[in-house]
Amino acid sequence: MNLTASSSEYLQINNISKHYGDIQALKDVSFDIRQTEILGLIGPNGSGKTTLLEGIAGLIPLNSGTVLHHGKILSVPHRKQQMFYLPDGIMPYSELPVSRVLEFFSRLFGVQAHRMNTVITQLGLEPTLGKKVKALSKGFNRRYLLAVALLSTQPLLILDEPFDGLDLRQMLGVIDILKQTSSRGRTLLLSIHQLADAQRICDRFILLDGGKLLGMGTLEALRTKAGITEGGLEEVFLALT
Amino acid sequence: MLIILSLLTGYSFVQAVNLFSQASRTALQYPEMARGMDPYRGVFIPTFGALYLVTTLLFPFTAIKLISSEKHSGSLKLLVQSVLNLRYIIAVKTAALTIGWLLALVPALSAVAAWGMIGGHIFLPEVLNLVLGYTLYAFVITGIAFFAASVTSSTATAAILTLAFTLGSWVLDFAAGTQSWLHSISSVSLTALLRTFEHGLFSLSTTGQALTAALGFLVLSTVWLNSGTKLRWKLFRSLVVITCSVMLSVPVSELRVFDDVTENRSNSFNPADEAALKQMNEPLTITVYLSREDSRRHDYDTNILSILERTVPELTTIYPYDSTGSLPGTVSDDKYGLIEYDYNGIHDESWSNSPGEVLPILHQLAGQTVTFSEVQQYPGYPVVTDAGSSNTWFYIILPLVFLLLWWFTNRLPRNRKKETQ
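Chains A and B, in that order, give the protein sequences. For the first sequence, our numbering gives the first residue as 2, with consecutive numbering after it. For the second sequence, our numbering gives the first residue as 191, with consecutive numbering after it.
Check each hint, because a few of them may be wrong.
As the list claims (entries may be wrong) - Each computed BS3-like pair below joins lysine-lysine, with the alpha-carbon atoms no more than 27 angstroms apart:
no.: 1; chain 1: A; residue 1: K81; chain 2: B; residue 2: K525
no.: 2; chain 1: B; residue 1: K424; chain 2: B; residue 2: K468
no.: 3; chain 1: B; residue 1: K283; chain 2: A; residue 2: K73
no.: 4; chain 1: B; residue 1: K261; chain 2: B; residue 2: K283
no.: 5; chain 1: A; residue 1: K81; chain 2: B; residue 2: K468
no.: 6; chain 1: B; residue 1: K267; chain 2: A; residue 2: K133
no.: 7; chain 1: A; residue 1: K139; chain 2: B; residue 2: K261
no.: 8; chain 1: A; residue 1: K133; chain 2: B; residue 2: K261
no.: 9; chain 1: B; residue 1: K255; chain 2: B; residue 2: K468
no.: 10; chain 1: A; residue 1: K133; chain 2: B; residue 2: K283
no.: 11; chain 1: B; residue 1: K261; chain 2: A; residue 2: K180
no.: 12; chain 1: A; residue 1: K28; chain 2: B; residue 2: K468
no.: 13; chain 1: B; residue 1: K261; chain 2: A; residue 2: K135
To be verified - Some chain A residues flagged as far from chain B (calculated, every beta-carbon gap over 10 angstroms):
no.: 14; residue: Q13
no.: 15; residue: I14
no.: 16; residue: A58
no.: 17; residue: G59
no.: 18; residue: G72
no.: 19; residue: K81
no.: 20; residue: I91
no.: 21; residue: E96
no.: 22; residue: Q113
no.: 23; residue: Q123
no.: 24; residue: S138
no.: 25; residue: P156
no.: 26; residue: S184
no.: 27; residue: E221
no.: 28; residue: K226
Simulated from the structure, these hints should not be mistaken for laboratory data. Where a beta carbon is used, it is the ideal one built from N, C-alpha and C, also for glycine.
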């Protein structure tokens, strides 16, 4: 837990709404992201997590809502200066070897070679460097994508389902890497649908269901809101829905 | 694509050379016939026909893949969050495709070189102008393909949209003979762009219009690739881009800079005639009583009007039968076949569609006496030769080179682990 830094607000998300025709994907979602915290966006499949993240990153147009950075409106063209969003279910440059793609992104983000090598070592990607991206297993593909995200240099890192496809040991390793990333000064916003996984890493939580914000805060705060004295995130979520 | 292009170009070249050689056997005995032996029309245009087919039918897919693969693999979402913006991404993609295009030119240009090596005559300005025409054609297709890939959600739809433009040009050319409004639209079709250069004419306005169209489509691609923008903003920006492109193309179309780059000056009159025509400062009106389907009208348009349009400052052409839509053989008008000339209040008319008879009429209307300039007569370049020796190049070596190039660019890195550690 990074309690010291959590008092400093980094981004303020205000009244975000998004609808696709008659379907309301997000309705007046507001929350704040604090400097260097690990904030978990929790919700079942179809709750609007990805829509919310893509909206914050400026990759899809929103019907309403604003993103404030230190109190000032952060326009869509300027968001990439503050945040990097790693979508779920992508396979960039599938025909190229992993090493070539990582070198490409390192140059793109202006990252030194030793930093790239550190990320490769941290994620255990050495055996895959000579392989084409499309030949990677699900677990390696997830770690390859995480490597791309960790090479980015923006202060806020937004990851959509970062543990999807990882086994328990791999997931614990990635949790450790993400905690180190946070402790080095980066802020993380993670979308996670497995509540137990979220509880392992996140400082605070945003509970989303049906495009609406159910609650926000630490586990203790959410317990209070749910009216329960003990139990994990699963119990809180069930109590609030 | 490059391998197919190599095979097609080789076949076209060998066939064209064989036909040219057969015609040359007779022409070598008669100087008058020899003057008709033009390697540009006889060999180069048919050989470049293979490039036309591939550029029209296969090249768009390469262009579409460049954008679609980025969209569908998620790469684009990552790229737009880096220091790169969409304008830069599109520019880099265009540059990458340009390299591909230069490779695509290799078979056709090697055919030109092969023609020279087997004793054929090459007039370089003609070839360069043809290459420029094809390059502009490919550039416009690139713009269309990028735009199609940007605006659609699947590669297949993008391909259909692009082919609607390219193959639509064929349909438009075919249909142009039936309706006057289709005829007007067909003048801006993609094939019309290429035809100008194939005729050995460099036109600054055509070049400018092609560049404007291509750039317009590329800018539209950046508008539609921006996933974070609302639809109404995309539509508004598209409208702005289209308006700007149209506004730019209007003055560009007025650029009257032409150069007949053919060695036999097939797009020009005698220099003395052209000098006299350029001095016709009053409006000249030509009324052509011929229907669009009449071959005499086609000859008149090609051999006389197209040159007059570039030389006479104020020319108006009227086709009375275009509005009535008469078909050949159905016209009972006594004037059918007549061509009237009105200049400075003076009227003349003729049934001829030959420059030798029409030009004196125009000079007489303008009150000018023209003394022909002595110009070197085009000798023609008949040659009896055999292109069979180039089969190995087009059918084996060049495809192998392209195959090796593909392997080289797609090979997996060796000992990458050691390099990165």
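Status of each hint after checking the structure:
no.: 1; hint: K81/A x K525/B; verdict: violated (72 angstroms)
no.: 2; hint: K424/B x K468/B; verdict: violated (47 angstroms)
no.: 3; hint: K283/B x K73/A; verdict: violated (35 angstroms)
no.: 4; hint: K261/B x K283/B; verdict: holds (13 angstroms)
no.: 5; hint: K81/A x K468/B; verdict: violated (59 angstroms)
no.: 6; hint: K267/B x K133/A; verdict: holds (20 angstroms)
no.: 7; hint: K139/A x K261/B; verdict: holds (21 angstroms)
no.: 8; hint: K133/A x K261/B; verdict: holds (19 angstroms)
no.: 9; hint: K255/B x K468/B; verdict: violated (49 angstroms)
no.: 10; hint: K133/A x K283/B; verdict: holds (22 angstroms)
no.: 11; hint: K261/B x K180/A; verdict: violated (31 angstroms)
no.: 12; hint: K28/A x K468/B; verdict: violated (71 angstroms)
no.: 13; hint: K261/B x K135/A; verdict: holds (16 angstroms)
no.: 14; hint: Q13; verdict: holds (19 angstroms)
no.: 15; hint: I14; verdict: holds (16 angstroms)
no.: 16; hint: A58; verdict: violated (7 angstroms)
no.: 17; hint: G59; verdict: violated (4 angstroms)
no.: 18; hint: G72; verdict: holds (22 angstroms)
no.: 19; hint: K81; verdict: violated (5 angstroms)
no.: 20; hint: I91; verdict: violated (2 angstroms)
no.: 21; hint: E96; verdict: violated (7 angstroms)
no.: 22; hint: Q113; verdict: holds (13 angstroms)
no.: 23; hint: Q123; verdict: holds (13 angstroms)
no.: 24; hint: S138; verdict: holds (17 angstroms)
no.: 25; hint: P156; verdict: holds (13 angstroms)
no.: 26; hint: S184; verdict: holds (23 angstroms)
no.: 27; hint: E221; verdict: holds (34 angstroms)
no.: 28; hint: K226; verdict: holds (33 angstroms)
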